[in-house]
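All chains should be built: construct the whole structure from the sequences, respecting the hints.
As given, the protein sequences belong to chains E and H, one line each in that order. Sequential numbering from 35 applies to the first sequence in my numbering. Sequential numbering from 31 applies to the second sequence in my numbering.
Only true hints are included.
Here are some, though not all, of the chain H residues that point toward chain E, as calculated from beta-carbon distances under 10 Å:
no., residue
1, P207
2, R208
3, E209
4, L210
5, I211
6, A213
7, G218
8, T219
9, I232
So these bits of chain H aren't anywhere near chain E, every CB distance computed over 12 Å:
no., residue
10, L40
11, P84
12, A128
13, F151
14, L243
15, P260
16, L297
17, G299
Think of the hints as simulated: they come from the structure by calculation, not from any bench. Yeah, the Cβ is synthetic: ideal placement off N, Cα and C, and Gly gets one too.
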Amino acid sequence: MAEVRYRDATRIYPGADEPAVDRLNLDIADREFLVLVGPSGSGKSTALRMLAGLEAVDQGSIRIGDRDVTLVPPKDRDVAMVFQNYALYPHMTVAQNMGFALKQRGVSKEERARRVVEAARILELEAHLDRKPRSLSGGQRQRVAMGRAIVRHPQVFLMDEPLSNLDAKLRVQTRAELADLQARLGVTTVYVTHDQVEAMTMGHRVAVLDRGVMQQVDKPRTLYRLPANLFVASFIGSPAMNLIPSSHDGRSLAFGSGRCAVDPVVATQMARFEATDVVLGVRPQGLALGTAGTPAEVVVVEELGSETFVFVELEHLGKTIRVRVRVDAEYSVARGDRTHVTVQGPVHVFGPDGLRLQTRSEADHGGST
Amino acid sequence: MTTTHRERVLTGETVWGTLTLGLTAWFVAAVFFFPVFWMVLNGFKEEADANASPRLFFEPTLDRFREVTTQTPGLLGFSEAFLNSFWVVAVSTVLVLALAIPAAYALSVRPVRRWRDVLFFFISTKFLPIVAAILPLWIIARDLGILNSHLVLIILYTAMNLPLAVWMLRSFFSEVPRELIEAAEIDGTGLWGQITQVMLPIVTPGIAATALLCVVFAWNEFFLAVQLNPVDASTVPIWVTSNVSTRGNFLAKLSAASSLAVLPVVLAGWLAQKRMIRGLTMGAIK
Chain E
35 MAEVRYRDAT RIYPGADEPA VDRLNLDIAD REFLVLVGPS GSGKSTALRM
85 LAGLEAVDQG SIRIGDRDVT LVPPKDRDVA MVFQNYALYP HMTVAQNMGF
135 ALKQRGVSKE ERARRVVEAA RILELEAHLD RKPRSLSGGQ RQRVAMGRAI
185 VRHPQVFLMD EPLSNLDAKL RVQTRAELAD LQARLGVTTV YVTHDQVEAM
235 TMGHRVAVLD RGVMQQVDKP RTLYRLPANL FVASFIGSPA MNLIPSSHDG
285 RSLAFGSGRC AVDPVVATQM ARFEATDVVL GVRPQGLALG TAGTPAEVVV
335 VEELGSETFV FVELEHLGKT IRVRVRVDAE YSVARGDRTH VTVQGPVHVF
385 GPDGLRLQTR SEADHGGST
Chain H
31 MTTTHRERVL TGETVWGTLT LGLTAWFVAA VFFFPVFWMV LNGFKEEADA
81 NASPRLFFEP TLDRFREVTT QTPGLLGFSE AFLNSFWVVA VSTVLVLALA
131 IPAAYALSVR PVRRWRDVLF FFISTKFLPI VAAILPLWII ARDLGILNSH
181 LVLIILYTAM NLPLAVWMLR SFFSEVPREL IEAAEIDGTG LWGQITQVML
231 PIVTPGIAAT ALLCVVFAWN EFFLAVQLNP VDASTVPIWV TSNVSTRGNF
281 LAKLSAASSL AVLPVVLAGW LAQKRMIRGL TMGAIK
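Printed below as a string of structure tokens:
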């Protein structure tokens, strides 16, 4: 059980110009479930592998508990890792796979067997202990990979997209089991995924990375409600936020044929920028279809059963733009329908540097709610 | 597995096309196998039968095998040649594996800098025809006083098979998912543990195949053996040719000797084949 500290941790792959991970500063609390999320090439896996010791830390440092592990080889870091492709030892049985790390540490045979059976019971693998990985299903292999990690009672669990090879249904089920298991075991966990839904549903906190730079780290709800910048706004939330280049007059923003008012504190900051240097961000939930507002035409209807997302095209600053609007499942709409769009709220304003302008209460709370 | 008519339609196979290909394959196989078959058959004949125009039906006899295995004082005997070959082949093959496994590891799992150049260097040592090197080799062996010894052949066969073994093992090692080594690393193994407990058990089929080729090449090697070891420590190929006589055409006897000479190789192939189970990494990933 331990906390993890990245301090200016940087990894530059030999021959690369840009760092894969650029001065990462991140504190992960004891027992916390932290998710690293980002698109491919964002450096999330590299950051995890640096913590595992599989990648060198070129600058900065990493601490686990009160130990600086920057230069400690993987075998002495007391971390356990679950790989995306599971990496089970094909020539060993399930029990041998799970007990391998304990054997390396010279744990007695009886103790090893006891801990393997204990982990197998938690993961419902007891019936398969004598089987080889090749005769297991994908879901069972995934659980063996988990079991290999938990028998060790390590200080930190590292998980590199452990669910991405499962089919959609099993993935959702395992997601919940994994979150529950982590809470019961109370082991600090760093979890890498490219799937923002996975990140939001599992993480106590989520760190969003893009091109090696951490964009924001916060609770899932805060990332969703108060994204720090355009990247986080576009990455977090499904479906994505509508981001519309707009123009301001110091008080409000243009949207279609109308305008939408913004918070006075935001307006003051906004007034410093060129009139056309701002981006209006509004989630599909923040828009509504009706008889008033900007005229629009329905182009795509996505019915999810519980709700419906409608793509509409409208005239905005002399161009035709496409925005996504959420409507109730009962709402009757079809492609080609003529309708009107209004902005209901919450509206985000992003400056030319991509940062979101904060209201006073947000700024007072340090962006964290 | 037989294909149904509908499957054949899908893959565009025609009955005549399949038949032609099948017959061709059997014909080519027969052409290759027939000389071996004839050799073994001849070994069981009387010299007269063997030298007569092809005769399939005859009274089989083990006399030729008795003749070639009977020790004539002063001449190279069957058991002596086999023992010489056994030691030279076994020791050189073990040496090759002992050297090639770490080399292959360093060229695949944790590639050293300029590993492509290193790999090319290994194979480049095979570019020189051995005939061109035989004189210096003979002189060096003479100066070292190892002519007509097991040692000279062990050294040369090791050198001869090493590049091939490195290349083969490297490609087998490269197929082992990198994550398996990393998992072993995180599970607390050092380099030795990663190689012996994870890598080697997985690439056993590859090692068996490599060892088999080394055994075959070393067992059948004739040129170096006859140049450097004609007197003592002579190997099986030399013993086989010692059955070629200038005093007549002893085809049956030679066939019997040749049949005995290939027997260990066939045995080694059979043993290796049992190890060459495919898909040993099945289940490791995904």
